[in-house]
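Undergrad: Using the hints provided, position chain U relative to the given structure of chain P.
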Amino acid sequence: MRAVIAEDSVLLRVGLIKVLEMGGFQVVAEAGDARGLLAAVAEHRPELALIDVRMPPGFTDEGVRAAMEIRRCWPGTPVVLLSQYVEERYAADLLSANTSGVGYLLKQRVADVADFVAAVRRVADGGTALDPQVVAQLLLRRDSDPLARLTPREREVLGLMAEGRSNAGIAQALVVSESAVAKHINNIFGKLDLPVADADHRRVLAVLRFLGASRS
Amino acid sequence: MTIPAELRRTVLRAQRDTGFLAAGVLPHLALVPVWAWAAATTARTGNWLLTVSVSAALVLLGTPVLTAVQRARYRVLIGVDVPRLTPTAPERRTWASTARWLAATRPWRRIGYHLLLGPLLALLELLVLAVAAACLAGAIAYAWSWALPTGIRQHWFGYLTQLPACTAAGLLLLCALPWTARAVARAEARLALGLLGPSRAQRLQERVDQLAVSRTDLIEAVDAERRRIERDLHDGTQQRLVSLAVNLGLAMATRPDLPSDAREVIARAHLEAKEAIAELNDLVRGLHPAVLEDRGLDAALSGLAARTPLPVRLRVDLEERVAPDVESVAYFVISEALTNATKHADATRAEVMVRQVGELLRLRVTDDGLGGADAAAGTGLTGLSKRVGSLDGAFHVSSPAGGPTTITAELPCAR
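Protein chains in written order, with this note's numbering: chain P, 902 to 1117; chain U, 2 to 416.
In isolation and in its complexed conformation, chain P is listed as follows:
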């Protein structure tokens, strides 16, 4: 799988390339800023773009904006944002259009090579990978929050759904049976007033509702 990396720290870029190559990716281009990244994506049409949030020249959210630009111009390009700190607003921006093929992870997660590669692969395959810290921010209790109706366990399940895990993954993480997970998820759908339709679609809607609520 061909990947493009945008990261302004050369030291880290080298490490990222090694990690991705270990995971079976082929890094076809690397960039130090958003402009270089967009040019590289336009040229190579990669199957994964790994992007640092803070890049020159502004050092705030250049990466997020570049990622949204990529999603707009080349829909379906899987994008993983990396950041020293994760902010749910950036995640919400990115996820508000479409949750598939999106990841947002803390930089230090790269150090756990196997987990990181698995998360990136999940995104490249059209899944979602949100850092638990983003999910923690999303789960923050706010007044007038429709999520307030959920029980703590249901919130946990919803958080893991937002991280991009399957029912089996959630069951494993919470050490419960898969049928218990399915029951929780059904309760979540009910409490969030999501119409009975294609279950996968509802899953995305639930996560979106979750993001939307957190942005109020």
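Since the hints were derived computationally from the structure, they do not count as laboratory data. Positions of the beta carbon are idealized from the N, C-alpha and C atoms, including for glycine. Check the hints yourself; a few may be wrong.
Taking CB as the label site, the calculated pair distances span [what the hints assert, rightly or not]:
{"no.": "1", "chain 1": "U", "residue 1": "V214", "chain 2": "P", "residue 2": "C974", "range": "26 to 36 Å"}
{"no.": "2", "chain 1": "P", "residue 1": "G1027", "chain 2": "U", "residue 2": "S391", "range": "47 to 57 Å"}
{"no.": "3", "chain 1": "P", "residue 1": "G1027", "chain 2": "U", "residue 2": "R241", "range": "46 to 56 Å"}
{"no.": "4", "chain 1": "P", "residue 1": "L912", "chain 2": "U", "residue 2": "E273", "range": "10 to 20 Å"}
{"no.": "5", "chain 1": "P", "residue 1": "S997", "chain 2": "U", "residue 2": "R94", "range": "45 to 55 Å"}
{"no.": "6", "chain 1": "P", "residue 1": "Q927", "chain 2": "U", "residue 2": "D283", "range": "35 to 45 Å"}
{"no.": "7", "chain 1": "P", "residue 1": "P1053", "chain 2": "U", "residue 2": "V214", "range": "50 to 60 Å"}
{"no.": "8", "chain 1": "P", "residue 1": "W975", "chain 2": "U", "residue 2": "G390", "range": "47 to 57 Å"}
TA: This is chain U only, laid out in the frame that chain P set:
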């Protein structure tokens, strides 16, 4: 013959002061011809409307020139600096702005000085100068008498009694001259400072404006410094540590064949690198998060609340973003309050409210901890109170023993 230093100084000072008084006569009399002409012409023609308007115009035009002349005289001749009026910012001439200008600069004080006080001061100056001249003349009268032909000198009635007495009186008065000249010069300087310079209210206003600007600059400088440090750490140390952790992770992933003790050392180093990153992240985040600058208080606070190891209920009601320095102080206050709740208060939950009420940003952080926090004793709370004070905000801590602790702050946020 050496002249004693004290005497020389007194003579020099007397010279300087009388020179100063002499230089004052003309400018102090400068407006006399104006009203003399006005009075004479009015008496002759009865056309007071013309004379009043012409003389008023001349007075108004002459006042700034004369003020400048007097300032130069005070500064050059006796080293007294009469502060210049700061030019008021150019604004559209309206009745209100004119009234403000009149109230702030009080031009009638300067006009009064030149028109009414000037002639009186000139009289005083002339008097002192005349006395000084008379003293000098008297003091040397006896010496001059020796220049007269012997016959006249010997036959002039009273030569023996009057001239020496004249000289003695002149010398005596001459001794008093330096003090008199000095007293008059000082009195003039005091009057000029009071009437020609800016009024006390204006000076205070200027000082307050200056202080406000310098304080704002200082706060901005401190914030810029925090941002710079955050950026330096982010671009440098944090990236290096992450890179180190990644390489250690790679070492473990690529070399499963290493002996177990080597693997264990690498695993420990890997863990420590990750912990160091987490610690550094927390530290750096307290300085100034980029998201605060980028997305504002609400976004930054949700990150802060999520990282706090307590359940935090967050409510932020802001219609629009407030000024960056207000955002920065608000973030800092809430961040410290949550840290205190976690570290010292033994709290199990916290609540953060941020609300904009008119031109005030109200913050409230409540926790259910032990209470007993003292704003007067705790350095952390004192720092918060100072930081809030730097924006003219109000800061209040309510923390009875046994809890709960409520910290409130109100920050003015008019844009």
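Undergrad: Each hint needs a verdict: does it hold in this structure or not?
TA: Hint check:
1. U:V214 with P:C974: 26 to 36 Å: Given a distance of about 47 Å, which is not inside 26 to 36 Å, the answer is violated.
2. P:G1027 with U:S391: 47 to 57 Å: Holds, at about 51 Å.
3. P:G1027 with U:R241: 46 to 56 Å: violated, 34 Å
4. P:L912 with U:E273: 10 to 20 Å: Once the Cβ atoms are compared, 19 Å apart, the range 10 to 20 Å for E273 (chain U) and L912 (chain P) holds.
5. P:S997 with U:R94: 45 to 55 Å: holds, 54 Å
6. P:Q927 with U:D283: 35 to 45 Å: At 36 Å between Cβs, range holds.
7. P:P1053 with U:V214: 50 to 60 Å: Hint holds: Cβ distance 52 Å, inside 50 to 60 Å.
8. P:W975 with U:G390: 47 to 57 Å: holds, 52 Å
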